[in-house]
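Undergrad: Between the sequences and the hints, there should be enough to build the whole structure, so can you do that?
2 protein chains.
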Amino acid sequence: MEAINLKKKECKIVVAVDESQESMYALSWCVGNFFSEKTTNTLVLLYVKPPPPVYSSFDAAGYMFSGDVITALEKYGSDLVNSVMARAEAIYGKFSSNMSVERIVGSGDAKDVICNTVEKIKADTLVMGCHGYGFFKRALLGSVSDHCAKNVKCPVVIVKHPEEK
Amino acid sequence: MEAINLKKKECKIVVAVDESQESMYALSWCVGNFFSEKTTNTLVLLYVKPPPPVYSSFDAAGYMFSGDVITALEKYGSDLVNSVMARAEAIYGKFSSNMSVERIVGSGDAKDVICNTVEKIKADTLVMGCHGYGFFKRALLGSVSDHCAKNVKCPVVIVKHPEEK
Chain S
1084 MEAINLKKKE CKIVVAVDES QESMYALSWC VGNFFSEKTT NTLVLLYVKP PPPVYSSFDA
1144 AGYMFSGDVI TALEKYGSDL VNSVMARAEA IYGKFSSNMS VERIVGSGDA KDVICNTVEK
1204 IKADTLVMGC HGYGFFKRAL LGSVSDHCAK NVKCPVVIVK HPEEK
Chain U
1084 MEAINLKKKE CKIVVAVDES QESMYALSWC VGNFFSEKTT NTLVLLYVKP PPPVYSSFDA
1144 AGYMFSGDVI TALEKYGSDL VNSVMARAEA IYGKFSSNMS VERIVGSGDA KDVICNTVEK
1204 IKADTLVMGC HGYGFFKRAL LGSVSDHCAK NVKCPVVIVK HPEEK
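As you go down the protein sequences, you meet chains S and U in turn. Quick note on the numbering used here: the first sequence kicks off at 1084 and runs consecutively. Quick note on the numbering used here: the second sequence kicks off at 1084 and runs consecutively.
A couple of the hints might just be wrong.
Just so you know, same-sequence chains aren't split out, so a pair can sit in one copy or run between any two.
EDC-like, lysine to aspartate or glutamate: derived pairs with alpha carbons at most 20 angstroms apart [as the list claims (entries may be wrong)]:
| # | residue 1 | residue 2 |
| --- | --- | --- |
| 1 | Lys1233 | Glu1157 |
| 2 | Lys1158 | Asp1101 |
| 3 | Lys1132 | Asp1162 |
| 4 | Lys1236 | Glu1093 |
| 5 | Lys1092 | Asp1151 |
| 6 | Lys1132 | Glu1185 |
| 7 | Lys1092 | Glu1120 |
| 8 | Lys1132 | Asp1195 |
| 9 | Lys1236 | Glu1246 |
| 10 | Lys1095 | Glu1172 |
| 11 | Lys1203 | Glu1172 |
| 12 | Lys1205 | Glu1172 |
It should be emphasised that the hints constitute simulated quantities derived from the structure, not laboratory data.
TA: Here is the structure:
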């Protein structure tokens, strides 16, 4: 037989979320297209924090970081996670109520963490924004979605924010 | 409001099909995930023929092409279209019966034709294989899905054949 029926009953769909409007749009697209009252898919929100900074006791200018500054930086990081997850919840909460949602917070290089997580949890689909904000950002950030599209084995959906059209 | 409900009632979903097993797998994935008895989406099968060959009267070795050869080449091209569309039909035919299907046969450079067609018919989603067959083919062919993912404005799904995992 040429092709098999690929629709599993329960799919695990990973959405890579970050602070960007684009990733929230990708989440919204994902929920609208992959979830309904009848589906029993699981939505996995994956947020990748930047690699833990190496807190040298001295900053670039040679001044010492106080413990307070380090704590503030760490708090900023966890505030960011909470803020992104809250924004995400505001989006998927509007849709189907019987949605199973998991949250994963990784840390490190986004493209590696995303690829590894998708592999590890045996995700069925990865949905992410494209970060197509123009040449400069695309060159820098677009490489995340490029890299994932090439390296992840499951289907990858790249969603662009309509304002970028 | 952060994000809008992106699920339109009727979506136009383009699947770029070609002779590859991978594109048939992408079609199967697409039908399994985007179509059900309840959806009223339209499936658009897009096949791109290579650019029409410039039939020089002389081939590379300087011999003249007879009219018969040219006719045979043209027939081969249309046989290929029919064969791909028949394989596609065997796949989507197994799914929901009330599926609206359109066929588009383009000609030219695949990446340009795909991007232009998606734009022209205002498609909601583009689904395509990745052609990730390994370094050499990826370098040559992967560029089609790369190019489309970057240039098409609607969400793009890149599906890999599981054997390539």
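Undergrad: Within a copy, between copies, both or neither: which one fits Lys1203 and Glu1172 at a CA-CA cutoff of 20 angstroms?
TA: neither (24 angstroms within a copy, 35 angstroms between copies)
Undergrad: Treating 20 angstroms as the Cα threshold, decide for Lys1132 and Glu1185: within, between, both or neither.
TA: The answer is within: 17 angstroms in one copy meets 20 angstroms, while 44 angstroms across copies does not.
Undergrad: Cα distance capped at 20 angstroms. Does Lys1092 pair with Glu1120 within a copy, between copies, both, or neither?
TA: Both. Shortest intra-copy (13 angstroms) and inter-copy (15 angstroms) distances satisfy the 20 angstroms Cα cut-off.
Undergrad: At most 20 angstroms between CA atoms: does that hold for Lys1236 and Glu1093 within a copy, between copies, both, or neither?
TA: For Lys1236 and Glu1093, the Cα distance is within 20 angstroms only inside one copy (18 angstroms; across copies 29 angstroms).
Undergrad: Given a CA cutoff of 20 angstroms, do Lys1092 and Asp1151 count as a within-copy pair, a between-copy pair, both, or neither?
TA: neither (50 angstroms within a copy, 53 angstroms between copies)
Undergrad: First find the shortest C-alpha distance between Lys1236 and Glu1246 inside one copy, then the shortest across copies, and answer within, between, both or neither for a cut-off of 20 angstroms.
TA: Between copies only: 10 angstroms across chains, 29 angstroms inside a chain, cut-off 20 angstroms.
Undergrad: When no copy is specified for Lys1158 and Asp1101, does a C-alpha distance of 20 angstroms or less occur within a copy, between copies, both, or neither?
TA: For Lys1158 and Asp1101, only the intra-copy Cα distance (17 angstroms) is at most 20 angstroms; the inter-copy one is 51 angstroms.
Undergrad: When no copy is named, should Lys1132 and Asp1162 be tagged within, between, both, or neither for a Cα gap of at most 20 angstroms?
TA: within (11 angstroms within a copy, 52 angstroms between copies)
Undergrad: State whether the alpha carbon distance between Lys1205 and Glu1172 is at most 20 angstroms within one copy, between copies, both, or neither.
TA: Close neither inside one copy (23 angstroms) nor across copies (30 angstroms); limit 20 angstroms.
Undergrad: Is the C-alpha distance from Lys1095 to Glu1172 at most 20 angstroms within one copy, between copies, in both cases, or in neither?
TA: For Lys1095 and Glu1172, the Cα distance is within 20 angstroms only inside one copy (17 angstroms; across copies 28 angstroms).
Undergrad: Can you give me the call for Lys1233 and Glu1157, within, between, both or neither, at a CA distance of at most 20 angstroms?
TA: neither (33 angstroms within a copy, 35 angstroms between copies)
Undergrad: Are the CA atoms of Lys1132 and Asp1195 at most 20 angstroms apart within a copy, between copies, both, or neither?
TA: Close inside one copy (12 angstroms), not across copies (37 angstroms); limit 20 angstroms.
Violated hints, in rising order: 1, 5, 11, 12; the structure is consistent with all others.
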